[in-house]
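Novice: So you can see what is in the structure, the chains are spelled out below.
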Amino acid sequence: MRGENLRDLNGITQPVRFKPLDGIITGAFILVVILFSIFLFFTNSKGQTGVLVIQSPDAEYRFSMSEDRKIEIPGRLGSSVIEIHDGRFCMIHSPCQNHICMNMGWISYPNIPVICLPNRVSARITDSQESEQQFDGLSR
Amino acid sequence: MKQYRQSVAFYAAVSAFLGVFESFIPIPVPFLRLGLSNIPVITGLSLFRFRDLLFIVLFKVVIAHLFRGSLFSYPFLVGLSGNLLFIIAVWPLYRVSRRYASFISYSLLGALFHNIGQLAMATLFIPYQAVLWIGLLLVSLGVVTGFINGVLANRVYNGIIVRLVEYRRIVPFSERLRSIE
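Chains as they are written, first to last, in our numbering: chain V, 1 to 140; chain H, 1 to 181.
Pulled out of the complex, with its shape left as it was, chain V reads as follows:
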């Protein structure tokens, strides 16, 4: 009787133990993770094809992220200066008081906004595909 129920069902009468196939699959998974991370790191360092979208109270500006340049944007208080360099951008000068926008530093990832509320200027990178996949809130 002992183990009989298991035998006619599972084909397993021995205790389940670590078997060679488990080792192979574990190794394959670790390999896949390593390859995946290598692939991701390499593709990410190449892609600098985004578009910088700048909103000011008067107009919307678009600049390619591939060219280095300095941009002067007129706002409510004065002109904000945004610099594009090496596929990153930064608010390097702003007439506002707190300089929160300048303290955001250099941004290279898409959809991370740099916003100057007193001067009503905001800037962010969008993907080159101009996809509509924009989310404004996530909750768990």
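Some hints here could point you the wrong way.
What the hints assert, rightly or not - Now the in silico label distances, taken between C-beta atoms and shown as ranges:
#1 V/Val53 with H/Ala13: 31 to 39 Å
#2 H/Leu137 with V/Pro20: 26 to 34 Å
#3 V/Thr43 with H/Gln3: 51 to 59 Å
Hints listed in this document are in silico derivations from the structure and should not be mistaken for laboratory results.
Cβ coordinates follow ideal geometry from the N, Cα and C atoms, glycine included.
Let chain V serve as the given structure and place chain H on it in line with the hints.
Specialist: This is chain H only, laid out in the frame that chain V set:
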């Protein structure tokens, strides 16, 4: 047959309990789960029919998300797609290869299929590049948690489930039961 149904219900209850329980364990990344609730599902591969296992998984997902407070929101859809892909993919694999592999393999495969299903669903809500990065994190952590869960599942099977079946506290499915039904 009655005892078999009670076994399925018992499994579903244990799985749902673990699903709720693991949400009490603090984890830094919101998407990451330990997958403790998958240990009953994986060991249940050896005991139940496909439709009963499907019931266990669905019950687990609904109850766990009900208690986490995320039922009918997008984490529920993400979890549901991951769990369904897992059960649909691993069930035939288990039927084919159960003699050559232990629960570690199925746990790892389960973690992978969970992640694939979750990421496929997540691409609907999150930009593509971000999904790849979350995917790397999920898959690499999934290998670790999947392996640990597999070892735990082996131990649970050898230590607990074999005995429960022996003393007929759990009645696995067999052809004899079908004739009774």
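Novice: Hint by hint, note whether the structure agrees.
Specialist: Results for each hint:
Here the CB-CB span from V/Val53 to H/Ala13 is close to 52 Å, at odds with the stated 31 to 39 Å. Here the CB-CB span from H/Leu137 to V/Pro20 is close to 30 Å, well matched to the stated 26 to 34 Å. Taken as a hint, the range 51 to 59 Å holds for the pair V/Thr43 and H/Gln3, whose Cβ atoms sit roughly 55 Å apart.
Violated hint: 1 only; the structure is consistent with all others.
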